[in-house]
Amino acid sequence: MPPEAAATLSDDQLERNFADIAPPLTADHALLEAHKCLFCYDAPCTIACPTHIDVPAFIKKIATGNLRGSARVILDANPFGHSCARACPVEVLCEGACVLNARDEQPIKIALLQRHATDYVLERKIRLFQAGPSNGKQVAIVGAGPAGLSCARDLRRWGYAVTVFEAKPQPGGLNTYGIAEYKMTPTVALAEVQDILDLGVELRTGVTIGRDLPFERLLADYDAVFVGIGLGLTKSLGIPGEDLPGVVDALTFIEHLKTHPYRATRVGRRVAVIGAGNTAIDAVTQAKRLGAERSTIVYRRSEADMPCFLYEYELAKVDGCQFRFDSKPTRILGSSRVEGLEVETPHGLEVIDCDMVITALGQTARDEFRVPTDHPKVLVGGDYASGGAEIVNAAAEGKQAAATIHERLSRS
Amino acid sequence: MADLRTNFAGIQCPNPFWLASGPPTNTYGQVARAFDLGWGGAVWKTIGEPIINVFSRYGSVDLGSTRMMGFNNIELISDRPIEDNLKEIAEVKRNYPGHAVIASLMVESKRAAWHEMVKRTQDTGADGIELNFGCPHGMSERGMGSAVGQVPDYTCQIVEWVKEVATIPVIVKLTPNVTDVTYIARAAVKGGADALSLINTINSIVGVDLDTFSPLPSVAGKSSHGGYCGPAVKPIALHLVSAVAGDPNVRIPISGIGGVATWKDGAEFITLGAGTVQVCTAVMHYGFRIIEDLVDGLATWMDERGHRTLDEVRGRAVPKVVKWEDLDLNYHLVAAIDQDKCIRCELCWTACEDGAHQAIQRHPRGNGGPAVEIIEAACVGCNLCAEVCPVQGCITMQQIPNDFPAVNWKAYSAGTGKLAPRSEHFHTATWANKD
Numbered sequence: 205m206p207p208e209a210a211a212t213l214s215d216d217q218l219e220r221n222f223a224d225i226a227p228p229l230t231a232d233h234a235l236l237e238a239h240k241c242l243f244c245y246d247a248p249c250t251i252a253c254p255t256h257i258d259v260p261a262f263i264k265k266i267a268t269g270n271l272r273g274s275a276r277v278i279l280d281a282n283p284f285g286h287s288c289a290r291a292c293p294v295e296v297l298c299e300g301a302c303v304l305n306a307r308d309e310q311p312i313k314i315a316l317l318q319r320h321a322t323d324y325v326l327e328r329k330i331r332l333f334q335a336g337p338s339n340g341k342q343v344a345i346v347g348a349g350p351a352g353l354s355c356a357r358d359l360r361r362w363g364y365a366v367t368v369f370e371a372k373p374q375p376g377g378l379n380t381y382g383i384a385e386y387k388m389t390p391t392v393a394l395a396e397v398q399d400i401l402d403l404g405v406e407l408r409t410g411v412t413i414g415r416d417l418p419f420e421r422l423l424a425d426y427d428a429v430f431v432g433i434g435l436g437l438t439k440s441l442g443i444p445g446e447d448l449p450g451v452v453d454a455l456t457f458i459e460h461l462k463t464h465p466y467r468a469t470r471v472g473r474r475v476a477v478i479g480a481g482n483t484a485i486d487a488v489t490q491a492k493r494l495g496a497e498r499s500t501i502v503y504r505r506s507e508a509d510m511p512c513f514l515y516e517y518e519l520a521k522v523d524g525c526q527f528r529f530d531s532k533p534t535r536i537l538g539s540s541r542v543e544g545l546e547v548e549t550p551h552g553l554e555v556i557d558c559d560m561v562i563t564a565l566g567q568t569a570r571d572e573f574r575v576p577t578d579h580p581k582v583l584v585g586g587d588y589a590s591g592g593a594e595i596v597n598a599a600a601e602g603k604q605a606a607a608t609i610h611e612r613l614s615r616s
Numbered sequence: 073m074a075d076l077r078t079n080f081a082g083i084q085c086p087n088p089f090w091l092a093s094g095p096p097t098n099t100y101g102q103v104a105r106a107f108d109l110g111w112g113g114a115v116w117k118t119i120g121e122p123i124i125n126v127f128s129r130y131g132s133v134d135l136g137s138t139r140m141m142g143f144n145n146i147e148l149i150s151d152r153p154i155e156d157n158l159k160e161i162a163e164v165k166r167n168y169p170g171h172a173v174i175a176s177l178m179v180e181s182k183r184a185a186w187h188e189m190v191k192r193t194q195d196t197g198a199d200g201i202e203l204n205f206g207c208p209h210g211m212s213e214r215g216m217g218s219a220v221g222q223v224p225d226y227t228c229q230i231v232e233w234v235k236e237v238a239t240i241p242v243i244v245k246l247t248p249n250v251t252d253v254t255y256i257a258r259a260a261v262k263g264g265a266d267a268l269s270l271i272n273t274i275n276s277i278v279g280v281d282l283d284t285f286s287p288l289p290s291v292a293g294k295s296s297h298g299g300y301c302g303p304a305v306k307p308i309a310l311h312l313v314s315a316v317a318g319d320p321n322v323r324i325p326i327s328g329i330g331g332v333a334t335w336k337d338g339a340e341f342i343t344l345g346a347g348t349v350q351v352c353t354a355v356m357h358y359g360f361r362i363i364e365d366l367v368d369g370l371a372t373w374m375d376e377r378g379h380r381t382l383d384e385v386r387g388r389a390v391p392k393v394v395k396w397e398d399l400d401l402n403y404h405l406v407a408a409i410d411q412d413k414c415i416r417c418e419l420c421w422t423a424c425e426d427g428a429h430q431a432i433q434r435h436p437r438g439n440g441g442p443a444v445e446i447i448e449a450a451c452v453g454c455n456l457c458a459e460v461c462p463v464q465g466c467i468t469m470q471q472i473p474n475d476f477p478a479v480n481w482k483a484y485s486a487g488t489g490k491l492a493p494r495s496e497h498f499h500t501a502t503w504a505n506k507d
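From first to last, the protein sequence lines stand for chains Y and X.
All residue numbers for the first sequence refer to the numbering used here, where the first residue is 205 and numbers rise by one.
All residue numbers for the second sequence refer to the numbering used here, where the first residue is 73 and numbers rise by one.
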């Protein structure tokens, strides 16, 4: 067994390493920041948001001390306003669109203001929305991630009976299992989900459609079915040594980290993360934060080709992670466990010294059951439909699907 | 370096900035500290028969993240014995002979009481006396303060009493809580006042606690109207100072008061006729140290424009305050947007469209071109877009020259003079149909 890197860190240090990367604003700071907002007309931040949260409106409400109203504006547009405040790539969405950028200033801290308002209602358990009077219609939702639960939330408000089927033991999808721990904890993700479930959504966890229950049953028993089951496993490398102990895929690594005490997650002393997307960054930084002495991104193409967001790259650099570009993995070395990673570089074959390999090559499509997407009762959304995007995209698609279902079923 | 030395109704001081009568001028220690830091003069916190104050006294109005944009108080005059105040005034004057030390007085409306108070004050060596005829709260219920200053006859009468014994300049402090301040100013002049100071605070309720329904500042759940001051009141004060300064029946020195926080505020008062400028709220907010930039900023401004003494700038704006009917109707302005500076917030558009004259054309975001453009033919040159624009110098008002001689309403309505063509006034919907 290789020595556990995490064992070298104190509990305090581990707590610090995984603490909130963007701590909440104080009330004073929030007020100051809210007053900086220009209250643009037809605001570009709102346009940039896939759920089109009326950003100036919610910020103005913070400025006037109407935090409950502010949270209502946010969560009405985006049922996952809590998690989006923590995990949204705002640099390329609302904050990137802020007109203050054009004045060579820092944009308004929209994400932190959104968190300020949504934390207010979450911490006080303020119920902002109610289920509508029952309309006698039933909708099945497959997958309790942001897409499915956004769909469920709006359908409940309009009076539909909603049953959500979830294969995992906990709802929330990647919000619960896949967001970097320093951005959002499962506690927050589950509290946000609970808010939606409290509208009277029936949740059935541990049920895999296609295995425990045929998809056709849903079509027979419900007036509509929304499928938001996300994506499947991490794509495999297809190189020798992939089965060696010490090779783990990024999502499994992150899920384990998020569902166990920090110390219980195995991490090597020298970690190689294969891939350069945002999940790869989450893996390389969290391996480092768990105590890895060296945590390195290994990417077959150049720096400029990295698919991760620039600020995620910056974060990994600040965390002290390393980067190997133009290095295509060809073989994982080792007899009983990982001892190195052989890569093909412009200068020939090289070996990266490592005792753990995390693969982050994107996820495969799900294939548990065939989804008849052209069936009039069926709608799809979230990562399952998009091939992988942000929470905010999933929320927008879930809401759109709810609106479409409502429109169709109201007509019939 | 500009010479800021000031002679106000015969009172000499190193610069025109005085502390106004109020909490900052309550004690020897405060006034001495202020003089050490460079204040030109101080009007002592109003002296009279000592009063008893309530505990909760001040309230304020914030604007955005700016604290104390407006400020109010229900504090009364000095709660210290008259002899303590007079002793300290004498001591300050002895130790700071070059600075202006003014005693503010308020006593009951009896001739003998005023005579005695004025004489005792003069014995301190004070440079002048300010009669507090302006305090709008508390004291007015007892027939003093603004209860005097709101009635021209009372004002005149008491000034006469004071002048019967006064050997030093008498400044009458006016209340803004009247329909026309010039009537009171003239009454003070008639009574023999040597100078005027204005404005005292404005009657106000600063807010309501929405949990308890208590007005603010709350005294055991209740409040009383108080005196409003701070930056919010400056425009009102500028107007009233200019009204008095422009009144040919007044013609005595004026000490300007009301919302002065910066040298610019002070300079504005001076150009509108103020000989000295009094400051209170800004000191209550930031302390005496603000005098450094008050003096430095004023002197720098004067140096940059070649004004050597305050006499060269005092009152320069007064003749430019005219009646509306004297304004030139043919002075044609339109807004111009510097598209390179525009950050596309579209505040100008919504302001003009909803709040003014529908003279801005908005283009869809992401079209690559400008976000907003002025419809010059519809622009009435009102300034609103330039006022709301958050980028300095992005929207400017440009004069459109024309061949029409100036004409004002007086002349035009009398049938003389020709109007230049006006901006077309229509809604953008109509405009869109024109294309």
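The set of hints was computed from the structure by calculation and includes no laboratory data.
Treat the hints with care, since some could be wrong.
[What the hints assert, rightly or not] Here are a few chain X residues that face chain Y, going by a calculated C-beta distance under 10 angstroms:
no.	residue
1	K159
2	E418
3	V463
Virtual Cβ for every residue (Gly too), placed ideally from N, Cα, C.
Results for each hint:
The interface hint given for X/K159 is violated, since its Cβ lies 44 angstroms from the closest Cβ of chain Y, which is over the 10 angstroms cut-off. Below 10 angstroms, beta-carbon pairs count as interface contacts, and X/E418 has one with chain Y at about 4 angstroms; its hint therefore holds. Because the beta carbon of X/V463 sits about 6 angstroms from the nearest beta carbon in chain Y, less than 10 angstroms, this interface hint is met.
Consistency note: the structure conflicts with earlier hint 1 alone.
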